[in-house]
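Enquirer: Letter by letter, the chains look like this.
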Amino acid sequence: MLATVDSCLLAGLEGRLVEVQADAGNGKTEFQLVGLAATSVREARQRVRSAIKNSALPFPLARLTVNLAPPEMRKEGSTLDLAIAVSIVLAHDGRKPPPRTAYLGELALDGAVRHVDGVLVAVRWLRDHGFGTVFVPAADAAEAALVDGIQVMPSRDLASVIAHVAGDAPIAPQPATAPSLPPSAEIELDLADVHGQEEAKRALEIAAAGGHHVLMSGPPGAGKTMLARCLAGILPPLALDEALEVAQIRSLLGELPAHTPLDWVRPFRAPHHGVSMAGLIGGGAGVAQPGEISRAHNGVLFVDELAEFQASVLQALRQPLEAGRITITRSGGSVAFPARFTLVAATNPCPCGWAGDGRRACRCTPAVVDAYRRKLSGPLLDRIDLKVNVRRVPPTLLANEPVGERSAIVRERVIAARAQELERQGCLNAFLKPARLRRHAALESAPRKTLERWAEQQGLSARGFHRAWRVARTAADLDGSDQIAEHHVLEALGYRLHDAAA
Amino acid sequence: MQPPDEASLHARGRWPPAPGPRAAIVGSRNASPYGEAVAEELARELAAAGVVIVSGLAVGIDAAAHRGALNGGGVTVAVMGTGVDIVYPAAHGELAARIIAGGGALVSQFPDGTLPRRHQFPARNWTMAAISDVVVVVEADQRSGALITAEAALELSKDVMAVPGSVFSPMSVGTHGLIRDGAALVQNTRDVLAALKVPRSEVLDDPLKTPQRLGFELGRDADGIVIHLSDTMAVSAAELARKLQLPIAEVVGRLTSLELEGAVRRLDAGYVRSLRRGKGRA
Numbered sequence: 182m183l184a185t186v187d188s189c190l191l192a193g194l195e196g197r198l199v200e201v202q203a204d205a206g207n208g209k210t211e212f213q214l215v216g217l218a219a220t221s222v223r224e225a226r227q228r229v230r231s232a233i234k235n236s237a238l239p240f241p242l243a244r245l246t247v248n249l250a251p252p253e254m255r256k257e258g259s260t261l262d263l264a265i266a267v268s269i270v271l272a273h274d275g276r277k278p279p280p281r282t283a284y285l286g287e288l289a290l291d292g293a294v295r296h297v298d299g300v301l302v303a304v305r306w307l308r309d310h311g312f313g314t315v316f317v318p319a320a321d322a323a324e325a326a327l328v329d330g331i332q333v334m335p336s337r338d339l340a341s342v343i344a345h346v347a348g349d350a351p352i353a354p355q356p357a358t359a360p361s362l363p364p365s366a367e368i369e370l371d372l373a374d375v376h377g378q379e380e381a382k383r384a385l386e387i388a389a390a391g392g393h394h395v396l397m398s399g400p401p402g403a404g405k406t407m408l409a410r411c412l413a414g415i416l417p418p419l420a421l422d423e424a425l426e427v428a429q430i431r432s433l434l435g436e437l438p439a440h441t442p443l444d445w446v447r448p449f450r451a452p453h454h455g456v457s458m459a460g461l462i463g464g465g466a467g468v469a470q471p472g473e474i475s476r477a478h479n480g481v482l483f484v485d486e487l488a489e490f491q492a493s494v495l496q497a498l499r500q501p502l503e504a505g506r507i508t509i510t511r512s513g514g515s516v517a518f519p520a521r522f523t524l525v526a527a528t529n530p531c532p533c534g535w536a537g538d539g540r541r542a543c544r545c546t547p548a549v550v551d552a553y554r555r556k557l558s559g560p561l562l563d564r565i566d567l568k569v570n571v572r573r574v575p576p577t578l579l580a581n582e583p584v585g586e587r588s589a590i591v592r593e594r595v596i597a598a599r600a601q602e603l604e605r606q607g608c609l610n611a612f613l614k615p616a617r618l619r620r621h622a623a624l625e626s627a628p629r630k631t632l633e634r635w636a637e638q639q640g641l642s643a644r645g646f647h648r649a650w651r652v653a654r655t656a657a658d659l660d661g662s663d664q665i666a667e668h669h670v671l672e673a674l675g676y677r678l679h680d681a682a683a
Numbered sequence: 025m026q027p028p029d030e031a032s033l034h035a036r037g038r039w040p041p042a043p044g045p046r047a048a049i050v051g052s053r054n055a056s057p058y059g060e061a062v063a064e065e066l067a068r069e070l071a072a073a074g075v076v077i078v079s080g081l082a083v084g085i086d087a088a089a090h091r092g093a094l095n096g097g098g099v100t101v102a103v104m105g106t107g108v109d110i111v112y113p114a115a116h117g118e119l120a121a122r123i124i125a126g127g128g129a130l131v132s133q134f135p136d137g138t139l140p141r142r143h144q145f146p147a148r149n150w151t152m153a154a155i156s157d158v159v160v161v162v163e164a165d166q167r168s169g170a171l172i173t174a175e176a177a178l179e180l181s182k183d184v185m186a187v188p189g190s191v192f193s194p195m196s197v198g199t200h201g202l203i204r205d206g207a208a209l210v211q212n213t214r215d216v217l218a219a220l221k222v223p224r225s226e227v228l229d230d231p232l233k234t235p236q237r238l239g240f241e242l243g244r245d246a247d248g249i250v251i252h253l254s255d256t257m258a259v260s261a262a263e264l265a266r267k268l269q270l271p272i273a274e275v276v277g278r279l280t281s282l283e284l285e286g287a288v289r290r291l292d293a294g295y296v297r298s299l300r301r302g303k304g305r306a
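Quick note, the sequences are listed as chains A and B, same order.
For the first sequence, the numbering used here gives the first residue as 182, with consecutive numbering after it.
For the second sequence, the numbering used here gives the first residue as 25, with consecutive numbering after it.
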């Protein structure tokens, strides 16, 4: 007797349909699993046999063959367990499986259906490919029910799934997980809690409003990390589709909280400088897993101690900074992950951290400082629009109550500026290429002259010229102004590092 | 330590120079804009008065002193811690060439091909003191090599002079220490000429001339940003905004505008007052 059911494996954010066929025929009692199954899938034989027996279901005493199609695709993981078990039971009973139905889940030996990673991604893919019903582990049901247009069946154990399919005891479909409204002002770290640092705070506001990347340079202990953490709080809350994108990445990594799968707070990731290439951009054996840059998708990637990172690792950031996504090729095939993030980089001005401070003497030789700064220059810095120096805050200021705007107020301005940008040009200012910059950020004669005069006096490169221009556009948008005034240009020229005139 | 004999020094250029007074102008590599301006000014006026300016070809005060001497049309000698065929730091190749072209010399007690090594520089400092009649320390923090030159000068019975600075500046801790210990205070070029016993020259018609060299008229700067800036220590835009109670966006913009005018300079940690207008030295 023959039964065919469907399941789904993942390659990045793409699904791959797997057809599970069980055939119980005459012959010597045995259990064959064919179809390029990796070790983790081959072990399903033991799990499935025990799960069926311990669910008080009959295991066919026959020549049993389970085929996983398509045969050329390598299959890994335990997601197929449930589909394999269901196909075997149905083949034994000679029952027809329900149509347009897929099964996801790992089996425990007692028949319980266990969590698997990436359920959200798989369910979305199945819905888009014509499936009407999907059985998922009960633990992952809330996550799966974020997807509308497909019936989600929470599966506790194999016995209840079989009972439902046989029509004996139907399972109640999981109600749609209503995306709870974004909490109005849940801000983890408020700008108003940071003492001083007005310059850096303003740079972060501009970064949030225009989608610009930021570099902060300053001595250890100046508060760079704290400032970077504040950025997530002045960005607008995630929109529904953005929140779903974030949830998909977390789902792949199995990091989605079971009950509140949707989070409206922008991700903040701060990889250590020892991070490997695979850890940062994604990778791993077989099919690649998302890295830190994809975890930071729609949020903030904080790269502290920029000069301590391996040059090759930093170079790898260029593609995602440019394209907003990363393509990784591994033996298991090529996968793409989204990686659109705001980069906040931080560095000391020199190895000892005190160069140019004026209050404490720097102990580095000029050659060492030169080498250190050379490490910072190059193509990565070319993509960073805002560069600010951050100094230690004097202790007299620390003792006082901090004064300054709350993040919620800054966020209002950011939201308004972003709306103005999107209405005018359909993208944030940071993504304006020179041709579109000329069209959407035309300069009147006075601001143009100022920018040109500066460029000539400081030997600004073409890139530096456009960078200042883009930042001036954002400064004007924060003012609610359509025209870029001279003072916007002057302010924009203030956010650069002394030595990096480019 | 016994410094080598003048005649035994390796040299490129004219060595020894024509007989006459020699002043060493030394100081930290991490000089403040104030220190560099003083070194350049002193060297320029002394060189114009016929004094040979001796220094160490390092960045900061040394380079400013050599440059000042050349600008004053005078002769300057660079005492090197490497062989005279190896310019260290390499970025000073052009400066070294100008020194030779200007009738001065690169000299060293180390044979050709000697690479920079840490221990060679104190010895070089002794040589600087030995071939000079007076040592002027412009800026030095507590551990600066310039203090070794001053110590050597004392051992060799040469005059030690020091330029005062701000009491807040770490770059003046060493020079203030020297003054406290009896070094002569340098307020202007005349002080150094007097120590060298050079007859009063015409350059210095007014010995009490106070060094008023703000590169702009204060009236132009209506909100007084510039008077809150120092010429030794950088003040950040954030500090200025707090002091002036102005929005940070405005302060950053005005500072850029002042920078365009040449009235302020931007350093790593913030802004300083420019001591000389228009000379956009980076």
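One thing to keep in mind: the hints can contain errors.
Each computed EDC-like pair below joins lysine to aspartate or glutamate, with the alpha-carbon atoms no more than 20 Å apart [to be verified]: (1) B:267 x A:604; (2) A:630 x B:285; (3) A:614 x A:604; (4) A:630 x B:274; (5) B:267 x A:582.
Partner residues aside, some chain B positions facing chain A, computed with beta carbon under 7 Å [claimed, not checked]: (6) 54; (7) 218; (8) 219; (9) 222; (10) 260.
The set of hints was computed from the structure by calculation and includes no laboratory data.
By construction, the Cβ of each residue, glycine as well, lies at the ideal position given by its N, Cα and C atoms.
Enquirer: Each hint: holds or not?
Expert: Against the structure, the hints come out as follows:
1. Between residue 267 of chain B and residue 604 of chain A the CA atoms are separated by roughly 38 Å; this puts the pair beyond 20 Å, and the hint is violated.
2. At most 20 Å may separate the alpha-carbon atoms for a hinted pair to count; residue 630 of chain A and residue 285 of chain B meet this at roughly 14 Å.
3. Restraint check for residue 614 of chain A and residue 604 of chain A: satisfied, since their Cα atoms lie roughly 17 Å apart, inside the 20 Å limit.
4. Our distance criterion of 20 Å between C-alpha atoms is met by residue 630 of chain A and residue 274 of chain B, whose separation comes to about 19 Å.
5. Note on residue 267 of chain B and residue 582 of chain A: the hinted pairing holds, with a Cα-Cα distance of about 16 Å set against a maximum of 20 Å.
6. Taking 7 Å as the C-beta cut-off, the interface hint given for residue 54 of chain B holds, the closest approach to chain A being about 6 Å.
7. A cut of 7 Å between beta carbons decides the hint on residue 218 of chain B: the least distance to chain A is about 31 Å, and the hint is violated.
8. Nearest Cβ of chain A to the Cβ of residue 219 of chain B: about 28 Å, over the 7 Å cut. The hint is violated.
9. Because the closest C-beta pair between residue 222 of chain B and chain A is about 34 Å apart, greater than 7 Å, the hint is violated.
10. Taken as an interface hint, residue 260 of chain B checks out: its beta carbon lies about 5 Å from the nearest beta carbon of chain A, inside 7 Å.
Consistency note: the structure conflicts with the earlier hints numbered 1, 7, 8, 9.
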